[in-house]
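Participant: Here the protein sequences come in this chain order: A and B.
Anchor point for the first sequence: position 126 equals 126 in the working numbering, and the numbering is continuous, going up by one each time.
To get the working numbering, take the position in the second sequence, counting from 1, and add 398.
Among the hints, a few may not be true.
Said to hold, decoys possible - Among the chain B residues that face chain A by a calculated CB cut under 7 Å, a handful are:
1) T421
2) D432
3) V502
Claimed, not checked - Simulated restraints, written as ranges between beta carbons of each label pair:
4) A/D218 - B/D628: 43 to 53 Å
5) A/P303 - B/H461: 15 to 25 Å
6) A/D268 - B/D628: 17 to 27 Å
7) A/P224 - B/S601: 19 to 29 Å
8) A/P303 - B/D426: 25 to 35 Å
9) A/P81 - B/G530: 12 to 22 Å
10) A/D132 - B/W458: 53 to 63 Å
11) B/D426 - A/P131: 21 to 31 Å
12) B/L529 - A/P81: 16 to 26 Å
Unchecked claim - Sample of chain B residues with no beta-carbon within 12 Å of chain A, all distances over it, derived:
13) A478
14) P500
15) E550
16) A607
17) A625
Rather than coming from a laboratory, the hints here were simulated on the basis of the structure.
Positions of the beta carbon are idealized from the N, C-alpha and C atoms, including for glycine.
Chain by chain, the residues run as shown.
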Amino acid sequence: MTTATIPATAVDPFSPEVLADPLPFQAWLRDAGPVVHLKRHDVHAFARYEQVHAALVDWQGLQSAAGVGLSNFRFEKPWRPPSLLLEADPPRHDAPRRVLSGILGPRALRRLRERWFADAERLVDELLDGPDEFDAVPALAEAFPLRVFPDAVGLGPDGRENLLPYGNHLFNAFGPPNALVEAGNGRAAELGAWVGAQCARDALSGDGFGAAIWAASDRGEITPEQAPMIVRSLLSAGVDTTVHGIAAVLHAFATHPEQWRRLRERPDLARVAFDEAVRWQSPVQTFFRTATRDVEIGGIVIPDGSKILMFLGAANRDPRRWAEPDAFDLARDPSGHVGFGMGLHQCVGQHVARLEAEALVTALAARVSSIEQVGDGERHLNNTLRAWASLPLRVHRA
Amino acid sequence: MERALELRVIEKTAASEGVVTLTLARPDGGRLPDWAPGAHVDLILPNGDTRQYSLCGDRWDAHTYRVGVLREPAGRGGSAYVHDALQPGDLVGVGGPRNNFPLVPGERYLFVAGGIGITPLLPMIRQADLLGADWTLVYGGRTRASMAFLAELEAYGERVHVVPQDEFGLIDLPRWLAEPDPVTKVYCCGPGPLLDAVEKACSGWPEHALRTERFVAPEQGAPARSAPFDVELARTGTTVTVTPDVSVLEAVGRAGVEVLSSCRQGTCGTCETDVLDGVPDHRDSILDDAERAAGDCMFVCVSRSLGDRLVLDL
Chain A
1 MTTATIPATA
11 VDPFSPEVLA
21 DPLPFQAWLR
31 DAGPVVHLKR
41 HDVHAFARYE
51 QVHAALVDWQ
61 GLQSAAGVGL
71 SNFRFEKPWR
81 PPSLLLEADP
91 PRHDAPRRVL
101 SGILGPRALR
111 RLRERWFADA
121 ERLVDELLDG
131 PDEFDAVPAL
141 AEAFPLRVFP
151 DAVGLGPDGR
161 ENLLPYGNHL
171 FNAFGPPNAL
181 VEAGNGRAAE
191 LGAWVGAQCA
201 RDALSGDGFG
211 AAIWAASDRG
221 EITPEQAPMI
231 VRSLLSAGVD
241 TTVHGIAAVL
251 HAFATHPEQW
261 RRLRERPDLA
271 RVAFDEAVRW
281 QSPVQTFFRT
291 ATRDVEIGGI
301 VIPDGSKILM
311 FLGAANRDPR
321 RWAEPDAFDL
331 ARDPSGHVGF
341 GMGLHQCVGQ
351 HVARLEAEAL
361 VTALAARVSS
371 IEQVGDGERH
381 LNNTLRAWAS
391 LPLRVHRA
Chain B
399 MERALELRVI
409 EKTAASEGVV
419 TLTLARPDGG
429 RLPDWAPGAH
439 VDLILPNGDT
449 RQYSLCGDRW
459 DAHTYRVGVL
469 REPAGRGGSA
479 YVHDALQPGD
489 LVGVGGPRNN
499 FPLVPGERYL
509 FVAGGIGITP
519 LLPMIRQADL
529 LGADWTLVYG
539 GRTRASMAFL
549 AELEAYGERV
559 HVVPQDEFGL
569 IDLPRWLAEP
579 DPVTKVYCCG
589 PGPLLDAVEK
599 ACSGWPEHAL
609 RTERFVAPEQ
619 GAPARSAPFD
629 VELARTGTTV
639 TVTPDVSVLE
649 AVGRAGVEVL
659 SSCRQGTCGT
669 CETDVLDGVP
679 DHRDSILDDA
689 ERAAGDCMFV
699 CVSRSLGDRL
709 VLDL
C-alpha cells in the first residue's frame, strides 16, 4: 500500500483551535481510517483503540528511545538528557522500571493511605470553611497533589512552585516547536537546573520515594548515575498529570450530578470514578513512537525510523471499543482504557495518582451533597495534556 | 479469557542428552506477556503437575517463549512427562512470568552456570553482550554431550569457558573468584553444591556483588486446581462460584462487584485485592516469593485459589 491511499489531513493537532477542543478532530481521525497521515508533521497517526493499543504494547517494533515526542532523537539532539524510563527501551529500561515499580507499587503505597486520606479531609474542611464558589484548579486539583506528593518524594520546602511550570514545559516539548514551546523556552534551563538539584541524595529526605531510589542504587539494582535521573522522572511526570486528572474528575462530577449522587451512595466507586474520568478526559492526550523496522499496523507499513502519533484520548472514546463513549458513567467498567498508556511503559505512577484522587474524591463525597460548574471554565492549552486553567465550581455542604 | 495463559507447544527439540527445549505460543498467535532475563514461568502440564522453568528465548520475539527442561531421574513426574509424553500441538497452562533474578546494570559480569542452570543466564548473556558489557561465562556440566546450548554459545568465542567435568573436573572457582572486583557482578545458577561453593568463594566480595537463583520445588506440590472454588465477598455478603473457565475478576464482576483492572495479565497491579481467608494460587508477576507466601493479597485478574474457598475484602 502506498501513502497515496492512506487518508490524510493538513490539520495540525497541536494548533490552538484543536487543543482547545480536540474531540471533533479526533472523531474525524477515527472515522477516516485506522491510520491517517498528518501532512503538517509528516507522521502517521492512530486514533482507534485497536491500533493505539497495538502500538502501545509493541515495544519491539515501535520504540521510545528515539523520543516519545515529535522530535526524533536519531537525528535531533534532545532538549534535555533523555528519561531513563519514558525515553528508553529494553534492556536499558529494565532496571530503572523495575526499581520504580516497586517503590510506587500498590503494596508500597499502603503506608501512605491513611495519611493521604487525612490530608485530603483537612484540605476539604479548610476549603469548605470559605465561600461556596471557588476555582477548583488552584483550590483542589493543584493544592492536593502539591500538598502530598513532594513530601512523599522527600523534597525540601523551597521552590516547589517550580514543579508545575517544569512539567508543563516538558509536556509541551513533546509536540512541535510551536508558540507553546517558545513560551516555555525562556525558563526551561532555570527550571531544569532546579529540578536537577532536587534529585541529589542530600537534597532529599531520608524516608521518601527519592531516598528509596538512592537506596536501590546502594544495592546495585541501579547505578548511582541512574538514581538522580529516576528521581527526575518522578518530578517530571508525577505532578502535572495528577493535577489534570483530578481536575478531570471534578469537572466530570460537576457536569454529571446524577453520577455524584451515585458516588455518594457508593463511596467505594471513587477509584472507578477516577479511572472513568481519566478515560473520558484523557489528561495525557498523545504520545509518539518511532518504528525500529518496517512495521505493519492497520494494514499500513510504517517505515523504519519514522514517527507515529498515538491519540490516547481518541482511543478512549472510540465507539468501536466503548458503548456510549462520550458519557461519564460510574456504571461502566473503564478497565483497559489507555489513559495511563499500556504495556511496558504504562504509567509507573498510576497507583500514586489513583490514591491521591481516591483520597480527595472520598473526602469531598462525605462533605458535599452537590457540585456544579459555574460557567464553562477555561482550558489550559498544552501540546500533550488536556487541562484546565480555571474550573469554577459551586458546592453545597452535606 | 483472562486467566492463566493456555499455550501450545509448537516445537520440541533435543538440546543435549537429557535436555529438551519447548517453544510455546498462543493458539491465536497473539503477543505473550513481556519478560526480562532471569524471569521464569509456571508450566501447568496436562498431567496436573506444575513446574517452574526459566525463559531462555528471545524477548524481541513477542510471540514465543522458550524453556529448557532437564530430565530429572530423581525428580517428580513433571520433567519425565515433558520428555516422554508432551508433544508438539499439546496445550499447557502457563503462569507468570515472574522475575526473582533480574539482571542489574554492570560494567562487567561473571556468569557461572551449572548444567541446566544455563537457562536463565542465556538471555542475560545476550543482553550483556548487546549493552557492550565486559562479560565471561563459565559453564560446567557432567559431560560435553549433556550440556545444552553449546552451539548457540559458540558464537561468543573466547568469552565462554566450557568445563565438562569428565574432561576438566569441577569449575576452578578460585581461578575466577579469588580476587574481589568492585565492578563485577557475579550471576550463578545451577545445582545446590555449586551455589554453595560460589557463595563461599564470594564471601570477600562487596555486598550485592553476587546474585543467585536456586531452582526450588514450589512449596505447594498440589497442582493448580481444575475444580471450581467459592469466593466469599466479605463486604458484599455474597458468595460466588469460580469455574475453571472464568477468572475471579470475571466471576465477581458477574455478581455485580466491579474490581478495577487494567492489564488483565497480572503485571500492572491495578486489581490488587485483600485476601481475608483461604490460600491464593498466585499467578501474577508482581509479588515476590515472600509476598506470595504471606497470602494476604492477590491479583484477581489471573490468580486463583488453592483450596475450596477464598474470602476477599470486596
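Participant: Decide, hint by hint, whether the structure agrees.
Facilitator: So, going through the hints one by one against the coordinates:
1. Among the interface hints, the one on B/T421 is violated; its C-beta lies about 17 Å from the nearest C-beta in chain A, farther than the 7 Å criterion.
2. For B/D432, the interface hint holds, the least distance from its beta-carbon to any beta-carbon of chain A being 6 Å, beneath 7 Å.
3. With its C-beta approaching chain A no nearer than about 5 Å, B/V502 sits inside the 7 Å limit, and its interface hint holds.
4. The beta-carbon spacing between A/D218 and B/D628, approximately 46 Å, falls within the hinted interval of 43 to 53 Å.
5. The beta-carbon spacing between A/P303 and B/H461, approximately 22 Å, falls within the hinted interval of 15 to 25 Å.
6. Between A/D268 and B/D628 the Cβ separation comes to about 22 Å, which falls inside the hinted range of 17 to 27 Å.
7. Distance hint check: the CB atoms of A/P224 and B/S601 are about 24 Å apart, consistent with the given range 19 to 29 Å.
8. As the Cβ distance of A/P303 to B/D426 is approximately 28 Å, the hint placing it in 25 to 35 Å holds.
9. Judged by the Cβ atoms, the range 12 to 22 Å given for A/P81 and B/G530 holds: they are separated by roughly 19 Å.
10. Evaluation of the 53 to 63 Å hint for A/D132 and B/W458 yields a pass: the beta carbon distance comes to about 58 Å.
11. Checked against the hint of 21 to 31 Å, the pair B/D426 and A/P131 fails, with Cβ atoms roughly 58 Å apart.
12. In this structure the hint that B/L529 and A/P81 lie 16 to 26 Å apart at CB holds, the actual value being about 18 Å.
13. At the 12 Å boundary, the C-beta of B/A478 stays outside the reach of chain A, the nearest C-beta of that chain being 35 Å off.
14. Residue placement check: B/P500 does not keep its beta carbon more than 12 Å from all beta carbons of chain A (closest about 6 Å).
15. Separation of B/E550 from chain A is adequate, the least Cβ-Cβ distance of about 18 Å exceeding the 12 Å criterion.
16. With a closest Cβ-Cβ approach of about 7 Å to chain A, B/A607 is found to fall inside the 12 Å limit, against its non-interface label.
17. The beta carbon of B/A625 sits about 28 Å from the closest Cβ of chain A, which is more than 12 Å, so the claim that it is off the interface holds.
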